[in-house]
Amino acid sequence: MIWKLSLILHLEIKKTKILKPFHHLLLITYALMLPAMGRGMLSNHVLDHDIESSYNLVTEHITPRRVLWVSDSTGRNIRRVENLMRPFSGQVSVADTSYTVMISHREHKAAILLDFGREIQGGIEIASSIRDTQMPVALKVRFGESVTEAMSPITDKNSASNDHALRDFVINAPWLGTIQAGNSGFRFVSIELEDTAIQYNLKAVRAVAHYQNIPYLGSFETDNPQLNDIWRTGAYTVHLCMQKYLWDGIKRDRLVWVGDLHPEVMTVLSVFGQNGAVNRSLDFARDDTPLPGWMNSMCSYSLWWLIIQRDQYLYRGNLDYLKAQHAYIKALLGQICHLIDKKGNEHLNGTRFLDWPTSDNPAVINSGLHSLCYMAVNAGIELGHALADDDLVRMCTATAADLKQTSLPNCDNKEAAALKIISGLSKDTTDCNVILKDGARHFSTFYGYYMLEALARSGKYDEATDIITKYWGGMLNLGATTFWEELNYDDIARAGRIDEFVNSGQYDIHADGGNYCYKGLRMSLCHGWASGVTPWMTRYILGIVPTEPGCRAVTIEPHLCGCTMARGTFPTPLGIITVSHRKDADGTVYSTIKAPKGVRVTLKNTVAENGSSLTE
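My numbering numbers the first residue of the sequence shown as 523 and each following residue consecutively.
If you are wondering where the hints come from, they were derived from the structure by calculation, not from laboratory data.
Check before you lean on any hint, since a few could be wrong.
PhoX-like cross-link-like pairs, simulated, lysine-lysine; straight-line CA separation at most 20 Å [to be verified]:
hint, residue 1, residue 2
1, Lys959, Lys992
2, Lys982, Lys992
3, Lys1126, Lys1116
4, Lys865, Lys926
5, Lys1105, Lys982
6, Lys864, Lys926
7, Lys679, Lys1041
8, Lys631, Lys662
9, Lys1105, Lys1126
10, Lys959, Lys949
11, Lys1105, Lys1116
12, Lys949, Lys865
13, Lys959, Lys926
14, Lys982, Lys959
15, Lys982, Lys1126
16, Lys992, Lys949
The calculated label-pair distances, taken between Cβ atoms and stated as ranges, are [as the list claims (entries may be wrong)]:
hint, residue 1, residue 2, range
17, Gly597, Pro737, 44 to 50 Å
18, Asp950, Glu1022, 43 to 49 Å
19, Ser595, Asn1127, 55 to 61 Å
Ideal Cβ placement from N, Cα and C applies to all residues, glycine included.
All chains, full assembly: derive it from the sequences and hints.
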């Protein structure tokens, strides 16, 4: 009873924000009332509850979809593999004979390759059936986001590695029991007997998936099935990355990279609404970066952090959270403004970086950072107004005026051109033409989002959608169930699928791709920064654009981009907005809108259907 009282006291103190020293004194006082064993139980219980209580993380066991390959098809060394695709309860039995037999000897090590049908964050559970010898069996396990990766050992710097998450290791499987192993991003698993002169009875292999158990509040559907698949794949990519923190990827790096966060956060806001992983990640980056440091050592990532704060406030309207960031926001913006001279030239230090394809092009980086500075100080103006900080507004307004003096080159580069347009510093159509040149070529999955955004702001909705179907659709055509860290569009036509063995003469897009950043099998095939296409389609095809903090006002301006219908939902702090659009034969778009009470809706580029309710 006393330990329960102490736990309750601990939680209530946290809620009321009592000073930490007093908090600790109270906990110590009650701990001294317990026996030694009880004190240990209390300490562990409180800690575990504090860490794990509110993250919505659940576990799901997934049966293999298919057995892709076996090392022996004669039936001598591997028999009854079809048993592995049967559901398994998790409980082994002495009487059960429905297992797969694997036999190894000096000339042959039995091995299988399993496909779970989709990308997963987690590990596997291996169940062993009864056999004559009660000794454990050594198994070689390899995870893979592609068939190639699951079948490849660690050989060199460009091969799949064990650096962030183990994907190639040996475990001992017990006699008549189960064991769980692994914590990585994967779809495929190969299992090989390491021991020789042994028969192993494999009852089951299940993926153990870990993810947040949260609803998809946002939705998207058109009469173009490919666009629907692309939207869902972007959403699922970020869903897997939403663990305790919002990771960049689930295989490598599994870290909070702030630049990566912006497309991810926009996806979260469009699909899931508010999620604690976002604020935990933003706060982690802040606390991990005492000023004058730059987040992840890159000045651009601190600029993105400010832009994220503005965008999240616009979508969610959480003023209390914003106030908690006030001091850091003001100090960071002061640091940025100090590094911009009166002629409008920025002098940001730290690592100067936009994305990997432009990392060796100083001219592009200089142009892009100038645009990002302008975006960040304009975000600072909006944040200053929200925080009622006139000094912050004045400082950022003056710096924005200085930055606007400088004429920026686009360097014939899509990233630089896109940032010019998004920032509002673009003055002619040349920048848009640079983005349209060569269509889906010559950009990264990261900055592809900003390229699409720039095209939309230039009125090029159809052109942007064409790029979406070719580039992101190209990943789906190669077997993707999540979007990738990097893709060179020209590789698509000659590449084999990631869910098949690559034939001789085919380009292996996982082993041979990855022109930038991490090459070869180290390239992530589930990377949150590639998800920006999902919020883009919500914003421009469904046409849902917040215009006041907390979505108190939204504009709905659909662009159907070759579709004759589009419908979906969008989460706001006040409830769900539901939209349905149809295009008539004469090209007129008619819309039915249902908005929650407190949300003002303005329609553009569409006509309200009879009976449409703009507010409930």
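Exercise for review: Please test the hint of 43 to 49 Å on the beta carbon pair from Asp950 and Glu1022.
Suggested key: holds, 47 Å
Practice item. For the pair supplied as a hint, Lys1105 and Lys1116, confirm whether the alpha-carbon distance does not exceed 20 Å. Key: holds, 18 Å
Exercise for review: Sort out whether Lys926 lies within 20 Å of Lys959, counting only the CA atoms.
Suggested key: violated, 26 Å
**Study point:** Pair hint Lys982 and Lys992, alpha-carbon separation not exceeding 20 Å
**Key:** Satisfied, since the Cα-Cα distance of roughly 16 Å is no more than 20 Å.
Practice item. Take a quick look at whether Lys949 and Lys865 sit within 20 Å of each other, Cα to Cα. Key: Measuring from Cα to Cα gives roughly 19 Å; hence the hint holds.
Check your understanding: Taken at face value, is the distance from the CA of Lys1126 to the CA of Lys1105 at most 20 Å?
Key -> holds, 14 Å
Review point. Given the hinted pair Lys992 and Lys949, is their alpha-carbon gap at most 20 Å?
Key: violated, 29 Å
Practice item. Would you check the hint for Lys631 and Lys662, treating anything up to 20 Å between C-alpha atoms as holding? Key: Within the cut-off at roughly 10 Å; holds.
Point to revise | Pairwise hint evaluation, Lys926 against Lys865, where the allowed Cα distance is 20 Å at most | key: Measuring from Cα to Cα gives roughly 9 Å; hence the hint holds.
Check your understanding: Regarding the pair Lys982 and Lys959, is the alpha-carbon distance no greater than 20 Å?
Key -> It holds: about 13 Å lies between the C-alpha atoms, which stays within 20 Å.
**Study point:** Pairwise beta carbon distance, Gly597 to Pro737, judged against the given window 44 to 50 Å
**Key:** Cβ of Gly597 to Cβ of Pro737: about 47 Å, so the range 44 to 50 Å holds.
**Study point:** Straight-line alpha-carbon gap Lys864 to Lys926, limit 20 Å
**Key:** Distance of about 11 Å is within 20 Å: holds.
Comparing the model with each numbered hint stated earlier shows that hints 13 and 16 do not hold.
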